[in-house]
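S.K.: Each chain, written out:
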Amino acid sequence: MSAQISVKVEFGGGLELLFDNQRSHRVSVPVRVAATPAEKKSLKDDTGAAEGEGRQADVAYLILWLRDNLLKERAELFVENGTVRPGILVLVNDTDWELEGEGDYQLKDGDEIVFISTLHGG
Amino acid sequence: MTSPHPHLGIRDLLQTIMPPRLCALCHDARAILKRPKTGQQICKECFFWVFETEVHNTITEAKLFKPGDRVAIGASGGKDSTVLAHVMKTLNDRYEYGLELFLLSIDEGITGYRDDSLETVKRNQQQYDMPLKILSYDELYGWTMDAIVSQIGKKNNCTFCGVFRRQALDRGAASLHVDHIVTGHNADDIAETVLMNIMRGDIARLGRCTLICTQGEDTIKRSKPFKYAYEKEIVMYAYFKKLDYFSTECIYSPDAYRGHARAFLKDLEAARPSAIIDIIHSGEMFEVKEEVKATQKSQKTCKRCGYMSSNELCKACTLLEGLERGMAAAAVTERARKKLDAEGPAPESLRTIPFFQQSRGPHPSVALERPT
Chain B
1 MSAQISVKVE FGGGLELLFD NQRSHRVSVP VRVAATPAEK KSLKDDTGAA EGEGRQADVA
61 YLILWLRDNL LKERAELFVE NGTVRPGILV LVNDTDWELE GEGDYQLKDG DEIVFISTLH
121 GG
Chain P
1 MTSPHPHLGI RDLLQTIMPP RLCALCHDAR AILKRPKTGQ QICKECFFWV FETEVHNTIT
61 EAKLFKPGDR VAIGASGGKD STVLAHVMKT LNDRYEYGLE LFLLSIDEGI TGYRDDSLET
121 VKRNQQQYDM PLKILSYDEL YGWTMDAIVS QIGKKNNCTF CGVFRRQALD RGAASLHVDH
181 IVTGHNADDI AETVLMNIMR GDIARLGRCT LICTQGEDTI KRSKPFKYAY EKEIVMYAYF
241 KKLDYFSTEC IYSPDAYRGH ARAFLKDLEA ARPSAIIDII HSGEMFEVKE EVKATQKSQK
301 TCKRCGYMSS NELCKACTLL EGLERGMAAA AVTERARKKL DAEGPAPESL RTIPFFQQSR
361 GPHPSVALER PT
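Note that the protein sequences, when read in sequence, are chains B and P. Just so we're aligned, residue 1 is where the first sequence starts under the UniProt record's numbering, counting upward by one. Just so we're aligned, residue 1 is where the second sequence starts under the UniProt record's numbering, counting upward by one.
Hints may contain errors.
Chain B is faced by these chain P residues, among others (derived, beta-carbon under 7 angstroms) [stated by the list, open to error]: (1) A31; (2) S247; (3) K266; (4) L268.
What the hints contain is simulated information worked out from the structure, not anything from laboratory work. We treat Cβ as the ideally placed atom computed from N, Cα and C, and that holds for glycine.
Excised from the complex, chain B in its bound form:
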């Protein structure tokens, strides 16, 4: 088994409803993944690219991994065009992901990634 990174994932603002109504999750993803998963439909044959190949797992990879492994219903409310749907805020270790390179942010062991929907009623 290839090396894994463990990250904490949290959902808020109603997004948790798509993930079994559970706000907090701990997930493990491979350290290295195939080069361009965003263009694939699924990540099923994408896990564990050999050392030196592909790219390091990033938030873009995590989003699709969550869709394929953790999401329970209505994927279109979470992912659109290979990234989170417009209107979903993402924080990397309590910082706006727009300051961290968005999907290009490379995951480190122990990172905390938060997804909050702004699309639910106020």
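Once you've looked at the hints, dock chain P against the given chain B.
M.R.: Just chain P, lined up with the frame of chain B:
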């Protein structure tokens, strides 16, 4: 040319050598947020400060309040009204507005949705130490949304809910003898409404929907202190302040038309964050010609319940009559209304929606739930 670290890309290198970016305002703390309005990268404390100060500036520039005003915050338990209650309390203390603040909630009677969100409002009442009034559709109209949906189905039920909620807020405010209702409508909501009114050619509403303050029932004013606040910042504010709010989609069909306007707006915002403020600005710039204004109906009062109306019967009474007589479509389409009229006059027994007289006395005419 070969890289000294064959497995590391340029991004890996940048991530290891770049210092954390500093706040564009204090140049001291680490930035945690990119402001959609300005593109500035700012730290948590500066974010709280600019967010609150901008709302304060919106309030003072529009001269929304005067000392001694009684102000009800329309509270749903959702993110916008929860942040609004927090910010109103903060600003009222910080700048000594001298306002008496109340929480006013409407219970539409939607099991599994509003009953849960009202629990959030009740917690807010404790946290913010404000009196809370909950007014239900059942008590005002004799119908809960659950009962309405079981009669008319999920189509058009948002029409009923929207009309009933607007009137319920006004009536609740009158019963509290407040001068002013503030609601959590944010910049995104207003931009959405501008788009919808343009698409429907609704000139009257287009002119009104960008106003920060409108006059409602019995000279009660309604304002939107978050008119220029982006939804992203409201949600980030709630997140960083760890505010307690409720977020679940209404179990009855969401307003599909608004949903499309919303998705479209979010796509525009992703391409250019200023789109939201630009659309509000564009809504404000429309000028309605005098001859168009002349064709718009003048305000009168409803002959049945006394609420302001542009017809003989106000919208809520019309909807209610349709429900009571089993012809719920009556207020939704012109054709169904004619059919209802052809069936003869309204029965004598028809419910009159209770009307609360706005008086200037010091005490509300209804019992309040005081924080304990």
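S.K.: Give a verdict on every hint.
M.R.: Outcome of the hint check:
1. Annotation: P:A31 was flagged as interfacial toward chain B, and the flag holds, the nearest CB pair being 6 angstroms apart, inside 7 angstroms.
2. About 4 angstroms separates the beta-carbon of P:S247 from the nearest beta-carbon of chain B, less than 7 angstroms, and the hint is met.
3. For P:K266, the shortest C-beta to C-beta distance to chain B is roughly 4 angstroms, which falls under 7 angstroms, so the interface hint holds.
4. Evaluation of the P:L268 hint against chain B yields a violated restraint, the C-beta minimum of about 9 angstroms exceeding 7 angstroms.
Hint 4 from the earlier list is the only one contradicted by this structure; the remaining hints agree with it.
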